[in-house]
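Listed in order, the protein sequences are those of chains A and B. When we follow UniProt numbering, the leftmost residue of the first sequence carries the number 1, and every step to the right adds one. When we follow UniProt numbering, the leftmost residue of the second sequence carries the number 1, and every step to the right adds one.
All the given hints hold, so there is nothing to weed out.
Computed far set for chain B versus chain A, every beta-carbon distance over 10 angstroms:
no., residue
1, LEU36
2, MET637
3, LEU663
4, ALA732
Keeping only pairs whose Cα atoms sit at most 25 angstroms apart, straight-line, the calculated DSS-like set for lysine-lysine is:
no., chain 1, residue 1, chain 2, residue 2
5, A, LYS166, B, LYS154
6, A, LYS193, B, LYS184
7, A, LYS193, B, LYS207
8, A, LYS180, A, LYS211
9, B, LYS93, A, LYS166
10, B, LYS184, A, LYS54
11, A, LYS166, B, LYS143
12, B, LYS184, A, LYS52
Since the hints were derived computationally from the structure, they do not count as laboratory data. Glycine included, each C-beta is placed from N, C-alpha and C at the ideal position.
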Amino acid sequence: MKTSIITLLFLATFTVGIAQTPQERGIEIAKAAETADLGFGSSTVAIKMTLKNKNGQTSERYLENKTLELTEDGDKSLIVFNSPKDVKGTATLTFTHKQGSDDQWLYLPAIARVKRISSNNKSGPFVGSEFAYEDLSSQEVEKYNYTFIKEEGSNLIVEQDPVDPKSGYTRRLVTYNKDKGYRIEKIEFYDRKNALLKTLTYSNYKLYKNKFWRASTFNMVNHQSNKETLLEFSDYNFEVDLAEEDFSQVALKRAGS
Amino acid sequence: MKNIKKNHSDKNTFAKKWATFVIKYKWPVVILSILLAMGLGSQGNMQFDGDYHVFFSESNPELEAFDALQDTYTKDDNIVLVLAPKNGDVFTKENLIAIEELTAEAWNTPYSSRVDAVTNFQHTSAVGDDLYVDDLSYDSASKTASDIKEIRQKALKEPLLVHRLINEKGSVTAINITVRLPGKDSALEIPEVTAATREMVTNFQEKHPNFDVYTTGLVPLNTAFFEYSEKGFALVGIMVLVVLLLTLLLTRNFFAMLSTLLVFMFSFMAAFGFIGLMGIKLTPPSSVFPTMILTLAVADSIHILITYLQKVRKEGYDKQDAIIESIRLNFMPVFITSLTTVIGFLTMNFGDVPPFWDLGNIVAFGMTMAFLFSTTFLPAFMAILPLWKRKKGTQEAAVQKISIYAQFGNWVIKQPIRLTVISLVIIAGLTYLSTLNQFNDEFVEYFDTSVKFRQDSDFINENLTGFYNVEFSVGSGESGGINDPAYLTKLNQFEDWLNEQPEVVHTNAFSEVARRVNRSMHGDNDAFYRIPDTREEAAQYLLLYELSLPFGLDLNNQINVDKSETRVTATLKNNSSPEMIAFSERAENWLKNNAPEAMHSIGVSPTLMFSKLGFRQADSMFNGNIVALILISLILMIALRNIKLGLLSIIPNVTPVIVGFGLWWLYKGTINTGMVIVFGMTLGIIVDDTVHFMSKFLRARRELNYSAKEAVIYAFETVGKALVTTTIVLVAGFSILSTSPFALNSYMARITLIIILAALIIDFILLPSLLILLSKKEQNSIQ
Numbered sequence: 001m002k003t004s005i006i007t008l009l010f011l012a013t014f015t016v017g018i019a020q021t022p023q024e025r026g027i028e029i030a031k032a033a034e035t036a037d038l039g040f041g042s043s044t045v046a047i048k049m050t051l052k053n054k055n056g057q058t059s060e061r062y063l064e065n066k067t068l069e070l071t072e073d074g075d076k077s078l079i080v081f082n083s084p085k086d087v088k089g090t091a092t093l094t095f096t097h098k099q100g101s102d103d104q105w106l107y108l109p110a111i112a113r114v115k116r117i118s119s120n121n122k123s124g125p126f127v128g129s130e131f132a133y134e135d136l137s138s139q140e141v142e143k144y145n146y147t148f149i150k151e152e153g154s155n156l157i158v159e160q161d162p163v164d165p166k167s168g169y170t171r172r173l174v175t176y177n178k179d180k181g182y183r184i185e186k187i188e189f190y191d192r193k194n195a196l197l198k199t200l201t202y203s204n205y206k207l208y209k210n211k212f213w214r215a216s217t218f219n220m221v222n223h224q225s226n227k228e229t230l231l232e233f234s235d236y237n238f239e240v241d242l243a244e245e246d247f248s249q250v251a252l253k254r255a256g257s
Numbered sequence: 001m002k003n004i005k006k007n008h009s010d011k012n013t014f015a016k017k018w019a020t021f022v023i024k025y026k027w028p029v030v031i032l033s034i035l036l037a038m039g040l041g042s043q044g045n046m047q048f049d050g051d052y053h054v055f056f057s058e059s060n061p062e063l064e065a066f067d068a069l070q071d072t073y074t075k076d077d078n079i080v081l082v083l084a085p086k087n088g089d090v091f092t093k094e095n096l097i098a099i100e101e102l103t104a105e106a107w108n109t110p111y112s113s114r115v116d117a118v119t120n121f122q123h124t125s126a127v128g129d130d131l132y133v134d135d136l137s138y139d140s141a142s143k144t145a146s147d148i149k150e151i152r153q154k155a156l157k158e159p160l161l162v163h164r165l166i167n168e169k170g171s172v173t174a175i176n177i178t179v180r181l182p183g184k185d186s187a188l189e190i191p192e193v194t195a196a197t198r199e200m201v202t203n204f205q206e207k208h209p210n211f212d213v214y215t216t217g218l219v220p221l222n223t224a225f226f227e228y229s230e231k232g233f234a235l236v237g238i239m240v241l242v243v244l245l246l247t248l249l250l251t252r253n254f255f256a257m258l259s260t261l262l263v264f265m266f267s268f269m270a271a272f273g274f275i276g277l278m279g280i281k282l283t284p285p286s287s288v289f290p291t292m293i294l295t296l297a298v299a300d301s302i303h304i305l306i307t308y309l310q311k312v313r314k315e316g317y318d319k320q321d322a323i324i325e326s327i328r329l330n331f332m333p334v335f336i337t338s339l340t341t342v343i344g345f346l347t348m349n350f351g352d353v354p355p356f357w358d359l360g361n362i363v364a365f366g367m368t369m370a371f372l373f374s375t376t377f378l379p380a381f382m383a384i385l386p387l388w389k390r391k392k393g394t395q396e397a398a399v400q401k402i403s404i405y406a407q408f409g410n411w412v413i414k415q416p417i418r419l420t421v422i423s424l425v426i427i428a429g430l431t432y433l434s435t436l437n438q439f440n441d442e443f444v445e446y447f448d449t450s451v452k453f454r455q456d457s458d459f460i461n462e463n464l465t466g467f468y469n470v471e472f473s474v475g476s477g478e479s480g481g482i483n484d485p486a487y488l489t490k491l492n493q494f495e496d497w498l499n500e501q502p503e504v505v506h507t508n509a510f511s512e513v514a515r516r517v518n519r520s521m522h523g524d525n526d527a528f529y530r531i532p533d534t535r536e537e538a539a540q541y542l543l544l545y546e547l548s549l550p551f552g553l554d555l556n557n558q559i560n561v562d563k564s565e566t567r568v569t570a571t572l573k574n575n576s577s578p579e580m581i582a583f584s585e586r587a588e589n590w591l592k593n594n595a596p597e598a599m600h601s602i603g604v605s606p607t608l609m610f611s612k613l614g615f616r617q618a619d620s621m622f623n624g625n626i627v628a629l630i631l632i633s634l635i636l637m638i639a640l641r642n643i644k645l646g647l648l649s650i651i652p653n654v655t656p657v658i659v660g661f662g663l664w665w666l667y668k669g670t671i672n673t674g675m676v677i678v679f680g681m682t683l684g685i686i687v688d689d690t691v692h693f694m695s696k697f698l699r700a701r702r703e704l705n706y707s708a709k710e711a712v713i714y715a716f717e718t719v720g721k722a723l724v725t726t727t728i729v730l731v732a733g734f735s736i737l738s739t740s741p742f743a744l745n746s747y748m749a750r751i752t753l754i755i756i757l758a759a760l761i762i763d764f765i766l767l768p769s770l771l772i773l774l775s776k777k778e779q780n781s782i783q
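Excised from the complex, chain A in its bound form:
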């Protein structure tokens, strides 16, 4: 009993002694999450996107996503649209950057041309969904300032303030699960007037290669418009072994046609 009290006191002093600011703790968690996901190399996945309006009317889109992990700069990704029919074969190629704006191209099969997407705007809705492009792009640590808020069981809640002034958000409240490789359980998005705009809930997590947690379902609910978008991921493949040349403008054209 006595020893435990002493231990407690000791621990308390120790904790105070090395007390981090909430900012330091925040960034530490973000980095831990990044580290936990390090080394997946590349992956592919099929996505079904379901848009739902206030009255429950739905509309579906099918996409394919390829991701290449990079450490010196942000990840590269390629998304191919399989439906609706009108845009079948349309594909986007994105180079995320740790510093500055991302680069993005779109391949349009109708005119067989690659067009660069103006990179200033990334806060708009992605193909009419409740996801903004910035919600879907690779989550590089450098894109936010962090403040640790609180700990709830195994969940760590961190506030993230976007660095980019053109972001649609003032802040995001991100819930990390420290026992499950710092995977993200939930994100709450606050709009420019700091009102709760959307909640993104990750569910049906699966562990791949015994290290990488991937949610099979992303559900984004817009509290202001009462619209919803559901992303369902299937056929995760971590064995594709993609390379840089799979993420070039030539590859973009090829992916689409």
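Once you've looked at the hints, dock chain B against the given chain A.
Same frame as chain A, now just chain B:
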């Protein structure tokens, strides 16, 4: 005189017993009255609702269609801030910086979902082979003079901006803030948005005094409704003063004034409790209920008080006998007029405009309570109060006054045929004129030019764009079909057709987006400012364009989720309601005649909803009015115990309304929704005149065996003063209402004024003439 009294003593035994009972238990009656009024009053709860939706019943088809459109796209209530720089040029560095600043600030408006300004307009251009979409003026502080010149040029030839967010000269610009009100409690949400907007504007003007700022939009409209509900309610203060003064003048007795005040206060408290118990939220039309109850309650009290004072002052009754006699004489007429008034107000429930249901029900309840208090509390309270002093002078004056009415009666009975013919000719002429009135419910014009909202909206209409609009959801018939070139071409034609219409100030259609993106995809070559050639091209350009738009400036307000329908918005200059409806029908017909069936669409918008409101209200009130007329005529037949006179009473009851609307055509020519209810409302009130006059006429004929002419004189002598007095009170009450800056209330009050005056004139000229002529016929046929 003694004769009359004896003859009457066996009549009206119920009223007499009632009065005797009330006087016997005067203290319990007074205390119970106070408890009842306070008990009901304590349930009161005053809440105001300014949301323009309150004017539409849930089953209103225009509201349903509009809500469906808002569900498909986005629900947009807006605030338009119009900025007019004093130097007359929006495009200076300083001004652009200020606009950019205010735009950024506007994103902080509660519930805002979108902010459109000239600076954050998403301008598309071709840069090399790429599509570039960016704010028209981002970071204006860093712009050079030539940059700003270029921005000005781009803005002033931009079809999505000119006449919407900037005028042709570039001297006036607007920031449109779209808010998505949760709609949980509009009584809280709207003031919250308004307070924030006002603060923002005040701060902006302090910092940038070189700008004039004007505010309009649907939220300010709601706010104006909201604030004029409160103001309408406040009118009752002035009204109470005027009525008290009038009562004092007419009765020359302080206690009479005091008891009138108390009867009104109790009736008001009861109505206030009714509002709380029923959970009614007050709106501009229903917020005038205190004035109405006051006016009508005072009329009840005055009948009783004037008879009482006459009996005491002129005929030497003691206090108690005078009270009993007054109740005996007035119970039936007061009961009948209360009943008919209540019926009249209740017919408002037949209409299609919920605020008038509330008004009708509140006033009907208040009137019932006013009747109760006038016949219980009033006599009991008078029995408690000391006896009034008698003044010699007063007596003489009263005698003289009566002779004025008798003289007038003599004048009438000399020439009944002539007066009838003249009256009928005038009435016929005015009846014709009354049919020429046209409905007009322009919500901007609900407010007169003393109201800031009206001034600002007028400025915006004259200098920038229109406040009225009509929207169409144009379908393609299939998922993703909005990218079909056939659909887009037809949509483009519809857009062009709309732009050609003289009423249209601006058109916003998706075909414009398709054209501009196509152009930018072809190196900004104007030859490609047209619909893309293939469906795939259109769909893929759209995808690219959508990926390039920033937060809050997406196309969700214009395209549905399934990409099967788009929204077309035509902004119009101020038009009258018939013109709005005609325009919308023209556009609907254009689609029917020129486009495939999937593209047919019904025009919807708040403007259109208000435009159709008057017609809808008139249609639905028509049945209500017929029911009221039948019921009230039946009541009169029973009360007068004479079918023929009951039927005759329809003439003096109906003609004042017709005459009123005939005169109204000479005065204004247009009528609004607020005026549709006046038939039912005034019917109840003007029956008062007819009932009193006819019942006295019949009494003289039956009980005194007077000739028709003598009976008319008798009726003039006995009720002439009371009718003039109540008319004065009613006229005073509605005059005060008629000063309201809110046209739904002021027009209604003005037409009521005309009708009440017309009723008195008709009851004093046409009614006695008809009574004499009708009796002559009877006599002739007997002979």
